[in-house]
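**Q** One line per chain: the protein sequences are A and B, in this order.
In this text, residue positions in the first sequence follow this note's numbering: the first is 1, and each later residue adds one.
In this text, residue positions in the second sequence follow this note's numbering: the first is 1, and each later residue adds one.
Source of the hints: derived by calculation from the structure; they are not laboratory data.
Among these hints, one or two may not hold up.
Claimed, not checked - Some chain A residues close to chain B (C-beta under 7 Å, calculated; not the full set):
1. Leu-352
2. Ser-353
3. Gly-370
4. Ile-371
As the list claims (entries may be wrong) - When the alpha-carbon atoms are kept at most 20 Å apart in a straight line, the in silico SDA-like pairs for lysine to any residue are as follows:
5. A:Lys-365 with B:Ser-61
6. A:Lys-265 with B:Gly-198
7. A:Lys-365 with B:Ala-199
8. A:Lys-365 with B:Gly-178
9. A:Lys-378 with B:Ile-201
10. A:Lys-365 with B:Trp-202
11. A:Lys-365 with B:Gly-198
12. A:Lys-143 with B:Gly-198
13. A:Lys-378 with B:Gln-217
To be verified - The following residues of chain A were derived to be distant from chain B, with all beta-carbon distances above 12 Å:
14. Pro-9
15. Arg-34
16. Met-139
17. Glu-209
18. Gly-314
19. Gly-320
20. Pro-322
21. Asp-342
22. Glu-377
23. Tyr-441
24. Pro-462
25. Thr-480
26. Ala-484
27. Glu-491
Bear in mind the structure is a predicted one, so any value in this text is a computation, not a measurement.
Backbone N, C-alpha and C fix where the C-beta goes; we use that ideal spot for every residue, glycine too.
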Amino acid sequence: MAEAAADTPLIAARGISKSFAQIEVLRDVDLDLRRGEIHALLGENGAGKSTFAKILAGVHRPTRGTLKLNGEPVEIPNPIVAQRLGITLIHQEPISFPDLSVAENLVLGRTRGSPLGRVPWAQMTREARELMDLLGVRMDVTKPMRGLSIADQQMVEIARALASDSRLIIMDEPTAPLTPKEVDTLFAIARRLRDEGRTIVFISHRLEEVRALCDRVTVFRDGNKIATEEIGKLTDADIIRLMIGRPLREYMHKSRAEIGEVALKVENLTLPGTFRDVSFEVKKGEIVGLGGLVGAGRTDVARAIFGVAPATSGTVSINGRPVDIREPSQAIALGLAYVSEDRAVSGIFRTLSVEENITAAIPRKIAPGGIIRGALEKALASESVRKLRIRLASLRQPIGELSGGNQQKAILARWLLTDPSVLILDEPTRGIDIGVKAEFYEMIGELAAGGRAILLISSELPELLALCDRVLVMSEGRLTANIARADATQEAIMSAAVPRSTQAVAA
Amino acid sequence: MTDQTSTPTAVSALDAAPPRPRWQVILIRPETMTFVLLVLAFIVSSSISPYFLDINYILSSFTLYAEFSIVALVLTMVIIAGEIDLSPAANMALSACLFAWTYQATQSMPLAILVGLGAGIAMGAFNAVLVIGMQLPSIIVTIGTLTLYRGLAQIIAGDQSIRLPDYFIGINNDLWLGVPVPVIIFVVVTIALAFFLGATIWGRQIYQIGTNEVAAQHAGIRARRIKFMLFLAMGFASAVAGMMTASRLGSVRYDLGLGGELQMVLMAMLGGTYIFGGRGTILGTFLAAWLLSVISTGMLTAQWLPATQLCVLGLLLIISIVATNLIYSRTQR
Ligand SMILES: Nc1ncnc2c1ncn2[C@@H]1O[C@H](COP(=O)(O)OP(=O)(O)OP(=O)(O)O)[C@@H](O)[C@H]1O
Ligand SMILES: [Mg+2]
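Could you build the full structure based on these sequences and the hints that come with them?
**A** In structure tokens form, the structure reads like this:
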């Protein structure tokens, strides 16, 4: 194929529209993606960013509109064709094959094996190692994907795109589960790929990342493309106004809540190989942050408290009473709620209705005596939908059809309905748009003000600083700091979060 | 184009967007396929043999399949929960053998029934302990116990038939309002289980477990307990079915219900139950049971060779699995 003139855009989308069952989620989108640019897609949850990305990658077919690649009209009927055209989509939800090894996932669909059907394992493993080295990520490529952290899985997805030498790489919220260091690595790689003349589409809800990385931004709202601009020409306020159509309310720290008795007390909690001697308490009305790097063991502590993977020693007390929680149902009965970080695996029932997903943790409320009261359930679910502004077509829609952020809101809704006295939130705002985030912070504040104890696990420092009365920091399975609100700064949290061994090297 | 987000009531999205049209929802249900097949099967078989226009003939020929059909209803729930049980036919044989053997030894019918039911439940419990307690895959476990239970039945009964007292024999000829009793039992169990699965919270949780067991556990659903109960229910239903079969046949041999697991799985699959769990309905299996009865009886009246009949059933099984898979992967998008 003859390369087109230098100023022909790599992709020229014209009038792209997409409907799902008569609901139009994208309307007449015109967009040019230039060669050698990093192009951000911004917009609220459900604005249509992922849908547009999936159309480019052949996952969905547009209902109307045309695509040109280097000036030539193209049809992209499926992901295989997209791959052949040099378009790779890194999905919002990783869709790797969990039982295959990292190396197998990386070369999947590329190698054919020898005529005898033999797979060149040694070569495959070597190539996979090289790719991961390129990313600056250290991992055992022969291990199955299943055992990896989300961050590592995401890295494998990115490496897979690199492996297939794509000229358009679309990253749908790639940074959400990554540590700052991993984000830096990713950005460095993205810049290098851009400088090689490739095009990168970057979807994120974090403005500072978009600003740091991208050349141009396109803002979606409600399925319409609102604007495409050089990033330098827009202020944050401009972008937010374009995204949500109104100025953003600034979040203020919660109005002083009455701090009460200890609601959750954890002493010397230990799970060998994961975390050791973790002790802390959370009082009623208090929001305690739990910071640290991805992989520091924060999620494991939460899972232990909630009874998903109980600790082997140490004690947990709820409202002053020592409890032995062996499974989540007991935790829920004691007034605990846990919004887990991995929505796809431990959160949603993908093919079941939104309604059923929202009410999954309150069987007694929707089914007194065991028989489900449809009207009651519908009332509770639609109330939540309104409160959290979940964007959907119908409560009966499978939750898998909602946008990522809206799925997250539905899971939050599930746990808020249990009316917990202790609420553990694990990266709750991952994938949630800026507008809702502010409201969500307000809601957490209100929950605390209502006498609930809240443990907030978050990798976003500004979130911890804005919301929490106290910030605990974990590093390598141990609690390394307990910082009062007055002393909490990004530096204080980061220095406690960085593992000792690395600190020594840095010093 | 009106701008929805700028209005403060963002719920407008809820009212603005209509759900899928009703006809589409109904058309893509796999039970619809089952129903269409059932109608087709009726048309074809009544053109082959005029017997099929007689409702009494249809009802009485269904008594041959009623026992398997009842167990298939419970099996449907097990499959929806993401497991499988291939041992029920063997369970039927062993519990019926123990039942008949106890009767022969003690001449006490209540005691014999108690032993039969107890044995069935115990076999279900044994499966459950292996699958849920020891976390072994249910397909392997129940292939193992299928062989084990059938083997034990043969040890207990030998190659003899154990006779049963006259008053116990012939449940299939007992009529109630003109309908054979096994058919009535089947219909009653269908209604009860359809209600259980469709309207109670436990039924709902069975679907949730089959859809995503990890998420179910996180949501406080006692997945292990519910699955345990399902295996027990399987054992109980198999024992009842075993005794119904014994009554129909008049005596018990170790090969009672041989090959029944194929028919039960076939009924569930033809009824649109998804082999990987999370989807399926009692109504589907109910329709599929009639479908299978009509097809099998049709093949019998047409005097097809048993081997040919088996091939047809095997083909049907494969076709139904492929078809439901297709339907579900389409709605998944
Ligand atoms: N397969 C589908 N079936 C029906 N509706 C869908 C499907 N996929 C997406 N939608 C709808 O299309 C709209 C846009 O979704 P999309 O995933 O593109 O949003 P997004 O901008 O990526 O949001 P987020 O930031 O939350 O990821 C949403 O309202 C969503 O419910
Ligand atoms: Mg998205």
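**Q** All hints are to be evaluated individually against the structure, with a verdict given for each.
**A** Checked hints:
About 6 Å separates the beta-carbon of Leu-352 of chain A from the nearest beta-carbon of chain B, less than 7 Å, and the hint is met. Annotation: interface hint on Ser-353 of chain A violated; nearest CB of chain B at approximately 10 Å, more than 7 Å. A distance limit of 7 Å between C-beta atoms decides the matter here; for Gly-370 of chain A the minimum to chain B is near 5 Å, and the interface restraint holds. For Ile-371 of chain A, the interface hint holds, the least distance from its beta-carbon to any beta-carbon of chain B being 6 Å, beneath 7 Å.
With a C-alpha separation of about 46 Å, the suggested pair Lys-365 of chain A and Ser-61 of chain B falls outside the 20 Å cut-off, and the hint is violated. Among the hinted pairs, Lys-265 of chain A with Gly-198 of chain B is inconsistent with the structure: their alpha-carbon atoms are about 41 Å apart, more than 20 Å. A distance of roughly 15 Å separates the Cα atoms of Lys-365 of chain A and Ala-199 of chain B; the hinted pair therefore holds under the 20 Å criterion. Of the supplied pair hints, the one linking Lys-365 of chain A and Gly-178 of chain B is violated, its CA atoms being roughly 44 Å apart against a limit of 20 Å.
Simply put, Lys-378 of chain A and Ile-201 of chain B have alpha-carbon atoms about 15 Å apart, close enough for the 20 Å limit, and the pair holds. For the given pair, Lys-365 of chain A sits about 14 Å from Trp-202 of chain B by alpha-carbon distance, which is consistent with the 20 Å threshold. For a cut-off of 20 Å, the pair hint linking Lys-365 of chain A to Gly-198 of chain B stands: about 17 Å separates their Cα positions. A C-alpha spacing of about 42 Å is found between Lys-143 of chain A and Gly-198 of chain B, which places the hinted pair above 20 Å, so the restraint is violated.
For the proposed pair Lys-378 of chain A and Gln-217 of chain B, the alpha carbon gap of about 23 Å is over 20 Å, so the pair is violated. Its beta-carbon lying about 26 Å from the closest one in chain B, Pro-9 of chain A satisfies the requirement of being farther than 12 Å from that chain. A cut-off of 12 Å between C-beta atoms confirms that Arg-34 of chain A is not in contact with chain B; the least separation is 28 Å. Met-139 of chain A, annotated as away from the interface, keeps every beta carbon of chain B farther than 12 Å; the closest lies near 23 Å.
Every C-beta of chain B lies more than 12 Å from that of Glu-209 of chain A, the closest at about 23 Å, which supports listing it as non-interface. Consistency note on Gly-314 of chain A: stated as away from chain B, and its beta-carbon is indeed over 12 Å from all of that chain's, at 22 Å minimum. The claim that Gly-320 of chain A is not at the interface with chain B holds, since no C-beta of that chain comes within 12 Å of its own (minimum 23 Å). The beta carbon of Pro-322 of chain A sits about 21 Å from the closest Cβ of chain B, which is more than 12 Å, so the claim that it is off the interface holds.
With a cut of 12 Å on Cβ distances, Asp-342 of chain A falls inside the contact zone with chain B, its closest approach being about 9 Å. Consistency note on Glu-377 of chain A: stated as away from chain B, yet its beta-carbon is not over 12 Å from all of that chain's, at 10 Å minimum. At the 12 Å boundary, the C-beta of Tyr-441 of chain A stays outside the reach of chain B, the nearest C-beta of that chain being 18 Å off. With a closest Cβ-Cβ approach of about 24 Å to chain B, Pro-462 of chain A is found to remain outside the 12 Å limit, as its non-interface label requires.
The claim that Thr-480 of chain A lies off the interface holds: its Cβ sits roughly 28 Å from the closest Cβ of chain B, which is beyond the 12 Å cut-off. With a minimum CB-CB distance of about 32 Å to chain B, Ala-484 of chain A clears the 12 Å threshold, and the non-interface call stands. In this structure Glu-491 of chain A is separated from chain B by more than 12 Å, as the shortest Cβ-Cβ distance comes to about 35 Å.
Violated hints, listed in ascending order, are 2, 5, 6, 8, 12, 13, 21, 22; each of the other numbered hints is respected by the structure.
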